[in-house]
Each structure stands twice: as structure tokens, then as C-alpha cells.
Amino acid sequence: MIFQMALLTFQNVSKIYPPYFKALININLKIYKGDFVILTGPTGSGKTTLLKLIYREEKPTSGEIFYEDVPYSKLKKKELSLFRQNLGIIFQDYKLFPELTVYENIKISLVLSQKFVKNDKFLIYEYLERFKLSEKAQKKVKELSGGEQQKVGIIRGIIRDPEILIADEPTGNLDPSSINEILEILKDFHEKGKTIILATHDPIILNQNLGKTIRLNRGELVEDV
Amino acid sequence: MFRYLSKIEIKQSIIYYLFLFLFFSFWNFFSLFSFYFYLNIQNTLQIYQDRLAINMLIFSEKNPLNIFNLLSEIEKIPHVKNIDIVSPEKLLEKVKKDLPSEILENFSEEELKAEFPYILKIYPLSIKDYPALKDRLNLLTKVNSNIQIYEPRFFKLIYYAYFLKIGFVIFVAIWIFFYIFFLYFLNNLLNLHLKNQTQIFLLLGGTLRKFKLLRFFFLVSVLVLAFGHSSSLFFFISDTISSIFPFFKHYPDISKEKDMLYFGIYTFFTIFLLPWLTILISYRNYEI
Ligand SMILES: Nc1ncnc2c1ncn2[C@@H]1O[C@H](COP(=O)(O)OP(=O)(O)OP(=O)(O)O)[C@@H](O)[C@H]1O
Ligand SMILES: [Mg+2]
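Line by line, the protein sequences are chains L and H.
Residues 1 to 225 (our numbering) are what the first sequence spells out, left to right.
Residues 1001 to 1288 (our numbering) are what the second sequence spells out, left to right.
I should point out that these hints are in silico values taken from the structure, not numbers from a laboratory.
Predicted, not measured: the structure shown is a model, and the values here were computed from it.
There may be inaccurate statements among the hints.
To be verified - Short derived list, chain L residues pointing at chain H, Cβ under 10 Å:
| hint | residue |
| --- | --- |
| 1 | Arg56 |
| 2 | Ser81 |
| 3 | Ser109 |
| 4 | Asp161 |
As the list claims (entries may be wrong) - Keeping only pairs whose Cα atoms sit at most 16 Å apart, straight-line, the calculated EDC-like set for lysine to aspartate or glutamate is:
| hint | chain 1 | residue 1 | chain 2 | residue 2 |
| --- | --- | --- | --- | --- |
| 5 | L | Lys77 | H | Glu1287 |
| 6 | L | Lys194 | L | Asp161 |
| 7 | H | Lys1195 | L | Glu57 |
As the list claims (entries may be wrong) - Among the chain L residues that face chain H by a calculated CB cut under 10 Å, a handful are:
| hint | residue |
| --- | --- |
| 8 | Tyr55 |
| 9 | Glu58 |
| 10 | Lys78 |
Each residue gets a CB set at the ideal place from its N, CA and C atoms; glycine is no exception.
Next up, chain H with everything else stripped away, as it sits in the complex (with noise of 0.2 Å):
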């Protein structure tokens, strides 16, 4: 019997599964592209965010007292994480073998000291506390001119990243509901160009438990062919990508047990679990 049906359901709708090859290989690909990207941008910006501070420039002064003052105020702030101090015998300390010989020669240390500033490294709770923080210090640049602030390099860049985030699982549930509607999509069709055909089914005493169950059949080998077609392509690319870029990591890492876990659960809801919802949903409307 079952020959017979594949028959009726391939015959005339080829064209579909071919369609449906296409889009899922488009699809998969891309998929699996956004989470490697994402993936890795969350990564380098995990190792940017623990670095990330503010640098305050205090110029000028020499009563340590009034630096401590200052650090217990700003500490006050609810966005700061911590706070580092740099006195300018360490900042010296640290230039000195930068410096041009000539400048070592003609000013003693104790007159370079002078014109070294103390440095405040001031981290924020995380990036998003970060322009909140930076306008609260800006406040007491404006009433000391000895203060001076500096941004990190970069910063606008990991500023805006950070937000990738909210957009990025935005993004994922349109994209996975792009592909539900797209099978649902696909299996109305089918079953509108089949019409005629599953309704004799039924009127001569089948079921239609025998055309779900093919369908199925047919749509996960097209799938598990596109899947395989287009993940291969993908982890040939990644690879590359990876090789020439050693701080862009694999995802999924076939040695990790949790990319494992999470490859297997998005394989098998994209091939099958989606699938099979989609074709009882679109079947509901078909029995006679």
C-alpha cells in the first residue's frame, strides 16, 4: 500500500521536496552561522567586559588623603564594580623603559613623579551600567579641572555588541518562526495538490494515518539529505574560519558534551519534532 501512496505523493509534487531541499539547506545553514558568530562575539566580549574600565586621570595632587576622599565618594556610585589605583610611582615604573633616554637623564624622578597623575580604574558592574557610570564621573570632571576621564578603546563597539544579545533571541524566534510557517506553508500546499486524491483515499476506507506517516517520511529524508549537505558546508567554512582566526572558536565543539547536547536537541526538533507538529496541524481540515 505504501508503494502505491509514495507513488500518489511523490509523483506529482517532486517539485515541492525539492523546494522544501533548498529552503532547509538556506535555512540550517544560516542558522548555524548566526549561533557561531553570536557565540564567538559573546565570547571575546566576556574577555573584553572583565577588562573594561574607565580610566580617571588625577593631576596634581599630592596629599594622598584627598585621593581616598575621592575613591570612598565614587565608590558611593551604585554602577561600580571596583576600583584600582595606579599611584604615579607605579605608573612611573611601569613607562619608565618607554621613556626616551634624554628625558631620564634631564629630570629626576622625583620631578617626573610630579607630573604623573594617579589613575583610577574604575569597572562597572557590567557594559550596560557603563554610560550611567561614565555621566556621574563626568560630573566631578566638571568641578575639578585636575580630573580627567578616559574611555576605552573600542568601547562604542562592545557598547552596541552587548545589546546583540536581546536582538539575537529576537531574532531566533522570528527565524524559528520563519521555518514553522514556512513547513506549515509547505504541507498546506501538498495537501491542497493531493486533494482529490487522499479524499478517494478515504471514501474507499483508508486513513489518513497512512498519508501523515508518509509525509513524514518523506519530509525527514529531504531534510536529514539537506541537513547533512548543509552542515558539512558549514563546518568546512567554520573550520577555515576558525584556522586563519584562532580566537574564533568551534561551535558546536564535537569534544564539548553540552554543544552536543544542544546540536542534538536543535537536530531534532528542526527534523523532526517541527515536522510532525506541522503536518497534524495542517492535516486537521483534510477528513471526510
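This is chain L alone, in the form it adopts within the complex (with noise of 0.2 Å):
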């Protein structure tokens, strides 16, 4: 087997969050390009909070990530927005723009990826389509419901076509039907060879066995499985 460079690194990685919560403990961890991983545990695991670490919305507390071979911690601001640009991140808390229309919300995502889309208007009412959302368009996001916004959410973060798609639990409020749409999208994206990090619980998911498994257990790395 060819040596192949990890895209992300985690190397002795703890996170602690004020005064002294361990949420994760001594994480090392490869994820590969082209990976499906798939990353579980209990309600209260650490799973958030590794994807977070991912992004950079949390800084970890000891240890350091790797990006290809560049640490975290020696990106520049601009580099850091081109790497999050790259990203394709569906939170579990959805972080939608509650004043901006669903159609606003996603735009934004595309015109920050920096990708150049020829119709751009009929890519996002495609995607809307798919998810039965292309009535609802023009609607503020706060005025949907909470899986309506989940949805949202999960068109923001794909439609970009992102190098590496994270997904926090993004099937947590949605009905069997969507949950397969969005299994379907994310295996065309594997085939494609893009990597995709999912934190879940869903059996749904679980039992698909489409990936790498890992576990979490109150902030430690139970298992490769």
C-alpha cells in the first residue's frame, strides 16, 4: 500500500471546558480522504465537541490537529476562513439566520464557498425540491419548524459540495422518508470520494454500515470499530 497523508490528525487531543469538565480525553485519531466516518456514543459523549474541535469553533486544550500536515494552531485567519470554506458542516443545533428566508440562507453558503455555480437559483430550488421545501422558499427560517429547519440546514452545508462534509446528528428531528433522501445523498458523496465525519445515534444510520465506526465514551475513544 502507497504511504497516504491523513487529512485530519488528532494527536494526544484533550478538551476541557471551564472550570475543569472533560469532555474529551487523550483523542488520537486519522481520518483519510475519501473516509466515511462515522462517529457514536451516548448523549453526552464528546461527539459535538470533536466535530467542533474539527472546525475550529473550540480550540482543544492540550494536544494539536493537523490539517494535511499544517497545524491548527499556525493557521492565519485567512487560511482558516479557506478551510472552513471547504467544509460542508450541518450542526446539530442547525445555526440557520432566523431573519433571512430559507433561500437566503442557503445562498449565503453558496456565495461564501466561493464556487462558481452557473444557476445558482436552480440548484438551490432543486435541492428545496427534494426536501419538500421549495413552497416554503420565501419563508423566514424562524418561522418554520424545527425539522423544516433542520432541513435547511442540511441543504446549506451539502450544496456547497464541500472537500469534507460534517454532519452533527442531521437526522435527529426527521421523518423515515427524509432520512433515506439524505443517506442517498450521502453515499453519492462517498462515491464521489469526498470525506464525511456524521455524528449519530440513529439506528437507521447505524445499522447501514457505511463507514468507519468510532466510539466515544464519556470523552474517550472506546473503539475503532
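Need the complex rebuilt from these two chains, each delivered in its own frame; the hints are there to steer you.
Structure below.
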């Protein structure tokens, strides 16, 4: 096998939330390009925290995370924002702009990714159609139901066709048919050679055996299944 | 992109911008007026200061030599700028036409002159030398009962107004600091209010630069409006005052280059520079 550099590397990473709550303890982990990583574990085990460290909403208390061979702590502001532009993030708490419409929320993501899309309006409506949201396109996000908001969050993450997709419990509020829709999209993504990191404890997804499963328990990496 | 960000910035914070409008209208109006009054007071003071003298009256002194001795004595006092002498002849000359005719008929000129004093008009170096000078001269009156001292009218008022200068500098410093603090406070309030949304924007790969530029644009727009509004009110009122009291000059005087330069600097600082600096400082802790 030829040597392949890991896309993301966690090196002895610990995260302590002030004042002394240990959310992650000494994590060592490598994620390669094209991996489909499923992060699981009970509530409060540190899944979201681990993802936050990847997109740098939080910084590790000790240890270092590398993007290819660049340590995060050496990333300049500009480089960090470029790195984030190549991520598609689906947040557990959606993180939408409540005052903007569904369409605008998605459009911002597309514009920020700086990917040239010939007909972005068409593309956005295509995705909305797929999730049965096209009628709500001009509604303010704060007027949507929880599940609808989650769908907008998902579309926003995947529409920019990112190199790495980070999805934090993307199915928490959805019905089975929507879950299947998402699974299809994730599989397509994976087949295109993109990297996916998915945190979930949804049995439908876990049973599919999509990729490498990583289990967290009380902040510790229990097993690489 | 700016269109969406403006929506985010404005929709939930319109009330803060309204507040800024009111505050700056008030602040600017008050600033312009304090300069207007201050400069006019200084102006009037300057005119007075040049005329302000302590009058020393010396009665029943026939020998001019004694007067000259006294004069050289006074000249040695360090607070003295110069001294004018008004002899009884000159004084009589001056007041003759005001004297009742009976007096002129009943007394000869020589007799009148004998009753008139020598007047020494003693000018202090500056107004703040005045009290010290007066104390020294008072010593002379104690020794010689023929000597009397008169203060100019309104002296107390002018004397205190002189010290306005120092007070005014302190006031200006506090007043500017008050404005800077307000801007910083307002920016922080807005940042805090929009914190969640700025952070989402950063996580999607955006930078704070656009938010800063947008904030600057909004602040400047509101400030320009408030500035126009309160300045025109100021010009209107100060024009009215100057037309009622002609000794109140116009400040800033549009025809004077120096006035316009200062006014320009004031505008640049309050509308552009200070807002931009406070925006930069207030956003320091929002990078993630
Ligand atoms: N900002 C924070 N400050 C303090 N403690 C935190 C913070 N965020 C998370 N925690 C704590 O860290 C632990 C791990 O949280 P995390 O959100 O990573 O769990 P999770 O595995 O994603 O859980 P869930 O399955 O419910 O989403 C939790 O016990 C939580 O209380
Ligand atoms: Mg979580």
C-alpha cells in the first residue's frame, strides 16, 4: 500500500471546558481522504465537541490537530476561513440566520464557498424540491418547524459540494423518508470520493454499515470498529 | 452578500441606530455650541484684558518728583506690564465739559486742579497676575493715606472667565472621551446582540471584515444624518444669536480658512475616525 497522508490528524487531543469538565480525553485519530467516518456514543460523550474542534469553533486544551501536515494552531485567520469554505457543516443546533429566508440562508453558504455555480437559483430550488421545501423558499427561517429548519441546515451544508462534510446528528428531527433521502445524498457524496464525518446515534444509519465507526464514551475513544 | 448581511445587521438592531442618531445629534449640537460660546467669551475677554488696569489715585501730591519715585517703585513689581500717568491737568481737561457750570464759575482752574488726583493706570502682565499685583499695591495704600486704589468694574467676572480656559480644556477632554465611550459601548452592544449570527458567518468561511465595513457604513450614514440635522440647527440658532448680539461672532466662520480647517478636522474625527477605531477595537474578541 502506498503511503497516504491523513487529511485530519488528532494528536493527544484533550478538551476541558472551564472550569474543569473533561469533554474529550487524549484523543488520537486519523481521518483519510474519502473516509466515511461515523461517530457514535451516548449523549454527552463528546461527539459534538470533537466536531467543533475540527471546524475550530473550539480549541483543544492540549494536543494538536493537523489538516494534512499543517497544525491548526499555525493557521492564519485568512487560511482558517479558506479551510472553512471547503467544509460543509450540518450543525446539531442548525445555526441558521433566523431573520433571513430559506433561500437566503442557503444562498449565503453557496456564495461564501466561492464555488462558481452557473445557475445557483436553479440549483437551490432543485435541492428544496428534493426535500419538499420549495414552497417555503421565501419564508423566514424562524417561521419554520424544527424538522424543516433541520432540512435547510442540511441543504446549506451539502449544496456547496464541500471536500469534507461534517454532519452532527442530521436526522434528529426527521421522518424516515427524509432520513432515506439524506442517506442517498451521503452515499453519493462518498462515491464521489469526498470525506464525510457523521455523528449520530440513529439506529437506521448505524445499521447500514456505511463506513468506519468510532465510538466515544465519556470523552474517551472506546473503539475503532 | 452585503445585502444579506445588511438585513442581519439592521433588522434586529434598528433601535440601536436610532439611539445613536439621538445621541449624536445631542452631542454634536452641544459640542458646537460650547465652542461657539467659549470662543466668543475668550474674544470678549481679550478685548477687556488689554484695557484692564488698576487705577491708583494719588491725592494732594504737589511734587511731581514724588510721583516719579513712586512710579519707579511700582515698575519694580514683577507683575506690571506698563503704567500710564494721567496728571490732574489732563484729568481736568477730560472732565471739564461734564462738570456742572456752577462749579466752573465758583472755582478757579488752579483750585480745581488741586482737588484732582494723579491717576496711575497700572496694567498687569496678564489677568492672572492681577490679584498679586493688587496685594502689592494695597501695601502702598496702607503706608500713605493719600493713595487709593480702584478695581475695574466686572473684574471678578472677567477674572473667573479667564480660568475658564483650563476648565474648558478639561471639559473638552471629558466630552470627547464620553463620545468615544458611547461609540465603544454601542458597538459592543451591537456585537453582542448579533454574536450568534456573526459566528455562524465565520463558521461558514466568512470573515469579520465584511461585518466591520458594513457596521462602518451604517454608523457613518447615521452619523452624517445626525450631524447634518444638529449642525443646521446650531447654525440657525447661532445666526439668530449673532444677529441679536452683534459682538457674538460666527464660529466656525465659513469665510475663514482656519475655521473651516478645524471644522473639517472635527468632522473627520467624529464621523469617520473614531467610529472606525471603536469598531476595530470592539470586534477584537469576536474572532473564532
Ligand atoms: N460550552 C460548553 N461548556 C461546558 N460544557 C460543555 C460545553 N459544551 C459541551 N459541554 C459538555 O461536554 C459534554 C460533551 O458535550 P457534547 O455536546 O460534545 O456531547 P454529544 O456527544 O454531542 O452529546 P449529544 O449526543 O447529546 O449531542 C457534555 O457533558 C456537555 O455538558
Ligand atoms: Mg452533540
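Is the Cα-Cα distance between Lys194(L) and Asp161(L) 16 Å or less? The hint holds at about 9 Å.
If you take the shortest Cβ to Cβ gap from Asp161(L) to chain H, is it below 10 Å? violated (14 Å)
How about Arg56(L): closest beta carbon in chain H under 10 Å, or not? holds (7 Å)
Does Lys1195(H) pair with Glu57(L) here, judged by a C-alpha cut-off of 16 Å? With Cα atoms ~13 Å apart, Lys1195(H) and Glu57(L) stay inside 16 Å; holds.
Hint check: 10 Å Cβ-Cβ cutoff, Glu58(L) to chain H: With a closest approach of 9 Å, the Glu58(L) hint holds.
Can the hint on Ser109(L) be confirmed by a CB-to-CB distance to chain H that is less than 10 Å? holds (6 Å)
Is the hinted pair Lys77(L) and Glu1287(H) satisfied, with a Cα-Cα distance of at most 16 Å? holds (9 Å)
Given hint Tyr55(L) near chain H, where the shortest CB pair must fall under 10 Å: holds (6 Å)
Against chain H, with CB atoms and a cut of 10 Å, does the hint on Ser81(L) hold up? OK, holds: Ser81(L) within 10 Å of chain H, min 5 Å.
Given hint Lys78(L) near chain H, where the shortest CB pair must fall under 10 Å: The hint holds - Lys78(L) has a Cβ within 10 Å of chain H, the shortest such distance being about 8 Å.
Violated hint for the displayed structure: number 4, the only one.
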